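Read top to bottom, the protein sequences are chains W and Y.
Each residue of the first sequence is one higher than the one before, starting from 2 at the first, in my numbering.
Each residue of the second sequence is one higher than the one before, starting from 420 at the first, in my numbering.
By construction, these hints were calculated from the structure, which means they are not laboratory data.
In this text the structure is predicted, and so the values were computed from the model without any measurement.
Just so you know, not all the hints are guaranteed correct.
One-sided excerpt, in silico: chain W residues whose CB lies under 8 Å from chain Y [stated by the list, open to error]:
| hint | residue |
| --- | --- |
| 1 | Q11 |
| 2 | V13 |
| 3 | V41 |
| 4 | R64 |
| 5 | L70 |
| 6 | S71 |
| 7 | L72 |
| 8 | V80 |
| 9 | D91 |
| 10 | L96 |
| 11 | S98 |
In the BS3-like style, the derived pairs of lysine-lysine whose C-alpha atoms are separated by at most 25 Å in a straight line are [claimed, not checked]:
| hint | chain 1 | residue 1 | chain 2 | residue 2 |
| --- | --- | --- | --- | --- |
| 12 | Y | K682 | W | K99 |
| 13 | Y | K434 | W | K97 |
| 14 | Y | K457 | W | K97 |
| 15 | Y | K711 | Y | K668 |
| 16 | Y | K682 | W | K97 |
| 17 | Y | K682 | Y | K711 |
| 18 | Y | K457 | W | K99 |
| 19 | Y | K480 | Y | K434 |
| 20 | W | K97 | Y | K480 |
| 21 | Y | K441 | Y | K457 |
| 22 | Y | K554 | Y | K450 |
| 23 | Y | K678 | W | K99 |
| 24 | Y | K446 | Y | K457 |
| 25 | Y | K441 | W | K97 |
| 26 | Y | K434 | Y | K457 |
We treat Cβ as the ideally placed atom computed from N, Cα and C, and that holds for glycine.
Each chain, written out:
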Amino acid sequence: MKMAQSNSLQVVVVEQQVRFTLIELCQACHAEQSQLVELVELGALEPEGAAPDEWRFGGPALRRARTALSLSRDLDINVAGAALVLDLMDQIAELKSKLLRAGMR
Amino acid sequence: VEFKDYYATLGVDRKAEQADIKRAYRKLARKYHPDVSKEPDAEAHFKEVSEAYEALHDPEKRAAYDSIGQRPQGGQEFRPPPGWNSGFEFSGRDSGLGSEADFSDFFESLFGRRTGAGVGRGAARSQTGDDHHAKIVIELEDSYTGAQRTISLRVPVADALGHITFQERQLDVTIPRGVREGQHMRLAGQGGQSGGAAGDLYLEVAFNPHGRFRVDGRDVYVDLPITPWEAALGASIVVPTPEGDVQVKVAPGSTPGRKLRLKGRGLPSDPAGDMYVVIRVAMPPADTPEAKEAYAAMQSAFPGFNPRSTMEA
Chain W
2 MKMAQSNSLQ
12 VVVVEQQVRF
22 TLIELCQACH
32 AEQSQLVELV
42 ELGALEPEGA
52 APDEWRFGGP
62 ALRRARTALS
72 LSRDLDINVA
82 GAALVLDLMD
92 QIAELKSKLL
102 RAGMR
Chain Y
420 VEFKDYYATL
430 GVDRKAEQAD
440 IKRAYRKLAR
450 KYHPDVSKEP
460 DAEAHFKEVS
470 EAYEALHDPE
480 KRAAYDSIGQ
490 RPQGGQEFRP
500 PPGWNSGFEF
510 SGRDSGLGSE
520 ADFSDFFESL
530 FGRRTGAGVG
540 RGAARSQTGD
550 DHHAKIVIEL
560 EDSYTGAQRT
570 ISLRVPVADA
580 LGHITFQERQ
590 LDVTIPRGVR
600 EGQHMRLAGQ
610 GGQSGGAAGD
620 LYLEVAFNPH
630 GRFRVDGRDV
640 YVDLPITPWE
650 AALGASIVVP
660 TPEGDVQVKV
670 APGSTPGRKL
680 RLKGRGLPSD
690 PAGDMYVVIR
700 VAMPPADTPE
710 AKEAYAAMQS
720 AFPGFNPRST
730 MEA
């Protein structure tokens, strides 16, 4: 039961504590199920579970899905293209992190 | 309301073909898209570009815009500001109201406040209110200790006629210990209130850039400038960490770039991250006779030292 509470708000860290069903992830991303199914079929999202109604997405899927959807919507690229951008963004993040560990700003 | 020159925003001529406008928009949208751009203020730029395109790509809107003419002379205002207000916590593209929810007052004074076209989207699919997204900027130290923060959100609300107004509301939020940049905090039931159950509110965490510390996941880095003699002879040095000063032993013969690991001094987690102290060696200037003498003495003390040995054939 989700009710607004005026006092002490319960905060959870999505990336650490949340697993989404397909329906929940759609709700969180304002996505149609077909869009997320396509991202799964492309390997851009990797839920556990066999069938869509058994899928469980880890918390980091929220950012990936939102990014892919906003890229696809705002830049008029298809979901496969957005999935490619996601992979490249992961690579950039990895390189940035390497640079940082090597002591560059 | 400040006049907006949408043609200038897109960098196209007032007589540009629709195809040129589309091309200009696509190019700028890629350049400034907040998810991929490394430009400063990418999000604000992206919003301006989107607004300009929204006004110009539709021939009817473009004609309406063209009819009001050029930018007024001498800083005249286009019209008095109706309800001019400060920063939006919700960017339109994140609000769940479609990408036009927070276009400028200028846009709205021309084309009207958005009617409810996009508003019911979530509610139409289910009885649950929309999930909302916003950003929250915290200090690195907040993640170390956990913290209480009051945040202000401007929430778009649609009235019975589908007109959107913004309501300010404040939330007391507990920042969980160990939360990292890019992670999302979920506040159950604090999203859209339409329909039966309320949606959730997601806050994406960013750290206020720190002058001293760099963060990589749960690990934290700090540069430690030391003198050549501290590097050569070793020293015990006080190093600042987000949790307070710690004493660090620099081993004799330390070289620049060497990293000292302070285990468990990174962001709290299970296991906690580490803190890395990166050695920087600072050269003292040779700007007095004594200093020059000291360098000369070093020269004679290291006759065999050749830092360029690897460059020789």
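Comparing the hints with the structure gives:
no.	hint	result
1	Q11	holds (6 Å)
2	V13	holds (5 Å)
3	V41	violated (19 Å)
4	R64	holds (7 Å)
5	L70	violated (10 Å)
6	S71	holds (6 Å)
7	L72	holds (6 Å)
8	V80	violated (15 Å)
9	D91	violated (12 Å)
10	L96	violated (12 Å)
11	S98	holds (5 Å)
12	Y:K682 <-> W:K99	holds (19 Å)
13	Y:K434 <-> W:K97	violated (43 Å)
14	Y:K457 <-> W:K97	holds (12 Å)
15	Y:K711 <-> Y:K668	violated (29 Å)
16	Y:K682 <-> W:K97	holds (22 Å)
17	Y:K682 <-> Y:K711	violated (41 Å)
18	Y:K457 <-> W:K99	holds (18 Å)
19	Y:K480 <-> Y:K434	holds (15 Å)
20	W:K97 <-> Y:K480	violated (43 Å)
21	Y:K441 <-> Y:K457	holds (22 Å)
22	Y:K554 <-> Y:K450	holds (21 Å)
23	Y:K678 <-> W:K99	holds (14 Å)
24	Y:K446 <-> Y:K457	holds (15 Å)
25	Y:K441 <-> W:K97	violated (33 Å)
26	Y:K434 <-> Y:K457	violated (31 Å)
Checked against the numbered hints above, the structure breaks hints 3, 5, 8, 9, 10, 13, 15, 17, 20, 25 and 26 and satisfies the rest.
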